[in-house]
Amino acid sequence: MPRPLDAFLSQGPGRPSSETRMQIFPRSLNKLPLILGGVGTVVPALLIGAIWYYVTPKNFQVGYAPTQPVPYSHRLHVGQMGMDCRYCHANVEVAAKAMIPPTQTCMGCHALVKTDSARLKPVRESWESGKPIEWVHIHKLPDHAFFDHSAHLAAGVGCATCHGRVDQMDVVRADQPLGMGWCLECHRDPKPNLRPKDQITNMEWKPEMAANWTPPEVHPPQHCSGCHR
Amino acid sequence: MSRREPYSFNTPAEQDGAKVFWRSLEEKSDPATAQKRAEMEFPEGLEEAKALASADKNLVSLRRGKDQPAAHTPEGSVGKATLGRRGFMFFAGATTALAAEGCARRPVEKLMPYAKTPEQIIPGVPVHFATVRSYRGDAVGLLVESHEGHPTKIEGNPDHPSSRGKTDALAQAEIYEIYDPDRMTAPQKAKRAAGGPGDRQAATWAEVDAALADLARQAQADGGAKLRFLSPPTTSPTFLRLQRAITAKYPNARFHVWSAASDSNAREGARLAFGRPMNVVPALEKASVIVSLDSDFLGTEPGNVRANLGFSAGRKLREGSGGQGVGGTQSPGMNRLYVVEPSFTVTGMNADHRLRLPASQVERYTLALAKELADKHGVALGALAGAVAKADASGIDPKWIQVVAKELAGARAKGAILVGSRQPARVHALVHGLNAALGNAGHTIETYDVLDASEPDHVTSLKALADDIQKGAVGTLIILGGNPVYDAPADVKIDERIRAVASTIYLASHANETAAACTWSIPAAHFLESWGDARAVDGTVSIQQPLIAPIHGGRSEIEILARFAGESAPKGFELVQNTMKGSVSSAGSFTRVWNEALKRGVAGPAAAPAGAADALRAEVATALGAAKPAAMPTADNLEVVFAVDPKLVDGRYANNPQLLELPDPVTKITWDNAALISPKTAQALGLENRQLVRLTREGGGSIDIAVWITPGQADSVVTLNLGWGRQKAGRYGDRHGFDVGALRTSDAMWMASGVKLAKLGTAEAAALSPKLRKVGLIAGESPIAGRVRPDEPFDAGTSLYKVSQTQEHGGMEGRPIAIDATYEQYKKNPFFPLFPDEARKDKNKDGEIVGVRGSGSPDPSTLPLWNKVDYSKTHKWGMGIDLSSCTGCNACVLACQIENNVPAVGKEQIERGREMYWLRIDRYFVGLDADNPQIAFQPVACVHCEEAPCENVCPVNATEHSPEGLNDMAYNRCIGTRYCANNCPYKVRRFNFLNYHSSGGAYMDLPEVERMRYNPNVTVRMRGVMEKCTYCVQRIQEAKIKSKRTGKPIKDGDVVSACQQACPADAIVFGDLNDPESRVAKWRAMDRSYRLLAEIGTHPRTSYLGKIRNPNPEMGG
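These protein sequence lines map, in sequence, to chains A and B. Just so we're aligned: the first sequence equals residues 1 to 229 in the working numbering. Just so we're aligned: the second sequence equals residues 230 to 1346 in the working numbering.
For reference, chain A alone in the conformation it holds in the complex:
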């Protein structure tokens, strides 16, 4: 009398004996919970990880370089001609906003220089009509975050720390994520990002250039109302 298992094996598929008729799932399915468990954790983990990593200012903000109405080149004006940041962004030391220069500032030179340039047409039009040039906002903070340029300059944070090497950009691109985590990194430990106040606008400044200089004690706020009002 063969044992039921031997009988099953000898009979082969399609001819189930009365004892084995209940066994409808193939044996291979025994691994299914294992596979599901594995995939069920790994895939969501990857998904969460991907969102965690990619859906951040680091990925969305950094590298944003929209086309501006006037193809103004910082590389030309700052990098090659050596203009100081504050020639155009004049209020950066006294106000929260660094100020996009008014058309007036452009025309200060371009009333005499490159007066026929086609690329400067929007500037001349703005000057004649009094309508502003519509620059595209790049370094944008959410409405509930109140950033003050003057406070950061007073502490000794250089332009390039947040805006990158603007002097090497033909088209301005966002260099840093400007997210809250990024802000707090510096607010918790500002010293590596401080420089002597006369070097604020120096794009090429490196900490080695002021080896004997000791950064001042600053106490940037780390509480909510420091930036959110």
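Wrong hints could be hidden among the right ones.
Cross-link-like lysine-lysine pairs, in silico, DSS-like; alpha carbons within 27 angstroms at most [stated by the list, open to error]: (1) B/Lys339 with A/Lys97; (2) A/Lys206 with B/Lys345; (3) A/Lys191 with B/Lys1277; (4) A/Lys197 with B/Lys1269; (5) A/Lys131 with B/Lys339; (6) A/Lys97 with B/Lys1271; (7) B/Lys1311 with B/Lys1271; (8) B/Lys1031 with B/Lys1216; (9) A/Lys114 with A/Lys140; (10) A/Lys58 with B/Lys339; (11) B/Lys800 with A/Lys97; (12) A/Lys140 with B/Lys1277; (13) B/Lys635 with B/Lys1056; (14) B/Lys345 with A/Lys97; (15) A/Lys114 with B/Lys345; (16) A/Lys97 with A/Lys58; (17) B/Lys800 with B/Lys810; (18) A/Lys197 with B/Lys1280.
Read the hints as simulated data drawn from the structure, not as lab findings.
With chain A fixed as given, assemble chain B onto it according to the hints.
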């Protein structure tokens, strides 16, 4: 640790003779129910749940397809309707699509710099300009904050004598008026038709100019015989100059003056007493005894900011306010205020002694007081002696005559008697006589020359105009502001009259009731949009400097007048300059003088006070003798008293949601007015609170209005506030409250006797309902109605009018948090808030004293749960509020609201207890006498606990403590659990139940122009977010950043909170508690300083100074 007895809520009967605090009559008579109501935090929540459920049902029936007819849902299964599979898929798909749409593209934001930067403007840094606001014959200097060309906040001008850096609630709310979305945007023209103008159509300014030129030319033929002007009284020297020029050019033209909130009585009274009109300006800081005869000098009377400053300066008891120590029983450093008035006003609420007396009886009281002064105290009344001798004091408490007379006689040259604009001219004249006889004139009462001595009595002037029109003598009527069709006396029938004039030109901000009667309506420029000038009561002239070009291209009054005066340059700027050139000697110095005037906001020094004039003239005696004494009103012969509304004045601010919502200082009613009656009168007439009644006057009209039973109201007197029930005010103001104009006739401008009251039936109430707002407000009329329940203005079934008031919200729960004492008690026990005497100690149910648990009691000895934070290294911000100084005027409430972008939420939301005020003023009735209680005020905002209960319960760390001790709120972290509000013992946290700034409450679909008023330095909060007072953290940050930039440390006074800046009583101070020299630290260290509910261990940063009253022991009680 032993468990404490729960706070017992003592009924008045249990605590006979002790101080009892109550918020409303319901709370007093039925404390248990009131308590239950206070415990229900959101009383109307259930109602809303029902409304939402029914809205859901509608949605479900909409989305059911053919296969599932809506009828499938059985009626009555409200809230049980489920979402079908198809419905779910529909919404899931739509949601995903919307979400994807939101993420698909980075929103591109544009930066628009100036093409040419205006001088002195730094983007992001506000600029302040000095200007001036005219209000009822006075001018208040202002400094207005402007962000890149649009004004956002109004403050007082410290250099201006009527302001001294302070403002009132109305001045704060003015900022909204510029951005009112319902302002007239273009001139309108109507063809003349039978019975008035017909259809109106938009016109251009060129057409207006042509029409004006045409009318001016026509008028020249007959010297302006048919030309009439009607305007509110002016304080502008330029207006007056042009008026004189027009009179010279058109000798037959006439100027008429009308304002519903007029001060004609005061003016005529001065004319009677001094022979010419004078501005009477009290210098209350020098007064030790102040007697107010129906005068709300701290509230609605002109010059209220100046009066608040002066009055509170005499009640400081702090910082070396020198004792005056003069006059009888007078206490040093404290003045004493006696008020005689028919119903509670801000002034009456601050009285040390208050006599409720029908307004018509004030004259009798004044005469009796004069008689007592003359007979017993030897005050020489000269020509008035005869008239005064006949005084009849029957029915008036003799103590009020004897004691007040004694006080006044003992404080010669240190007393002040003030009389309200409601009282007839002869009473004003009599009071001027008394002030002169007592030697007060020239000391505590100063008189100054008026700007325009020819200004007529308003009623006479308006009647003369109406008569002229009836005679057909008027062909052209120019109305410069005001709203006569709404607010003129009913018997003048000005609507009919105006419609009968061939050409009527109306300069106004809104297309209101009067505009409908005129052939031309021209948009008026707001005072912050146009050049002008204004003269304060003491003769200080200020230039009204515009902050912004007219948003809707409006014109100012003087620009219209100039076209008739034949000025070559009819631009406001030149007109004002030309006026000023006339008063400057050399042309060369003019530019310097002009620039200085603009910079300081004051052109030249104040005028010298006019010398003491003889006020005891025989004319006054004649006028007094000729007057018939008014009979005491009774329940079937009521007296009606009209009051200038503390919020809408005479209806001029009727479309200002901030003011509409502002709780009335007395009743705490929002969005409405009501007929105020006393509890006794209500009982006599069998009236319920909120009941609709009809008031009928013999030989006059009748009005329908809801009654509101108010403590402190004189019996048989009905007080009606002007300015409500507008039918053409705009989207916010339409149909709120009741128009009382039909009772107001030219012979009864302020009080009327012989008024009968009848209850309205259900049918009559229903007939009234189209004139009243549905409680659902804008929401009820908007396309997304259903979310907020639109509802009838009456309670279902009972026809009781729905009144939304904030007074019952929150509650003391038996704990005395507003603490007061008399000056005598204070001298005995200077630490009365901390260590109360027997009368105030808390008792348990059996009447045993359970130990000091009063609000001011010291911090508990138990250790806090968390480690103590060391605040000594940084700033330690704190606030001090002096309850002795606070007059409850509401200026701080509005200042806070405007500074911090706090929305008005609408009547229905208030009814649900959802007001958003960061700073509220609690008003408590004190004492057992429901008819004549005392009042205590307490401004309450977030007290910034060092051990904040709200912070511990927030699951997402949205509210956190800053190292400087501020209780911060991070809006974008908040997920709206409301645990913090639940755990806040002070009930100062506010939740955005709806998107009040864009699509909820009163602000359905907020127009773009209204958004311009926002303070750009404060986040505009959205739905689902908790908010509360931040101690004006934006101002703290600004000061700190400035200090970092300049390297100068922050001094005391560098950070001023918005409430502190506005407060005309100097009752609020803010600063660094770590600086021992700061005012706030000194206040905190004072003897009568206490902190709210300190015994529960919250360590609040805000401290209060206990309220001191200064009653006269001779008055008893």
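Taking the hints in turn, this is what the structure says about them:
1. This hinted pair checks out: B/Lys339 and A/Lys97 have alpha carbons roughly 15 angstroms apart, not beyond 27 angstroms.
2. Proposed proximity of A/Lys206 and B/Lys345 is contradicted: the alpha carbons are some 37 angstroms apart, above 27 angstroms.
3. About 22 angstroms separates the Cα atoms of A/Lys191 and B/Lys1277, which keeps this hinted pair within 27 angstroms; it holds.
4. Between A/Lys197 and B/Lys1269, the direct Cα distance comes to roughly 19 angstroms. Compliance with the 27 angstroms bound is thereby established for this hinted pair.
5. With a C-alpha separation of about 13 angstroms, the suggested pair A/Lys131 and B/Lys339 falls inside the 27 angstroms cut-off, and the hint holds.
6. With a CA separation close to 14 angstroms, the supplied pair A/Lys97 and B/Lys1271 stays within the 27 angstroms bound.
7. Between the alpha carbons of B/Lys1311 and B/Lys1271 the distance comes to roughly 25 angstroms, so the proposed pair stays at or under 27 angstroms and holds.
8. Pair hint B/Lys1031 plus B/Lys1216 holds up; C-alpha atoms about 24 angstroms apart against a cutoff of 27 angstroms.
9. Proximity of A/Lys114 to A/Lys140 is assessed by CA-CA distance (about 31 angstroms); at most 27 angstroms being required, the pair is judged violated.
10. Distance hint between A/Lys58 and B/Lys339 is fulfilled; the C-alpha atoms sit about 22 angstroms from each other, no more than 27 angstroms.
11. For the proposed pair B/Lys800 and A/Lys97, the alpha carbon gap of about 36 angstroms is over 27 angstroms, so the pair is violated.
12. At most 27 angstroms may separate the alpha-carbon atoms for a hinted pair to count; A/Lys140 and B/Lys1277 exceed this at roughly 31 angstroms.
13. For the hint linking B/Lys635 to B/Lys1056, the alpha-carbon distance of about 24 angstroms falls within 27 angstroms, and the restraint holds.
14. Between B/Lys345 and A/Lys97 the CA atoms are separated by roughly 17 angstroms; this keeps the pair inside 27 angstroms, and the hint holds.
15. Our distance criterion of 27 angstroms between C-alpha atoms is met by A/Lys114 and B/Lys345, whose separation comes to about 20 angstroms.
16. Taking the CA atoms of A/Lys97 and A/Lys58, the gap is about 23 angstroms. The hint holds against a cut of 27 angstroms.
17. The suggested pairing of B/Lys800 with B/Lys810 holds, with an alpha-carbon distance near 15 angstroms, which does not exceed 27 angstroms.
18. Of the pairs offered as hints, the one joining A/Lys197 and B/Lys1280 holds, with about 25 angstroms between alpha carbons and a cut-off of 27 angstroms not exceeded.
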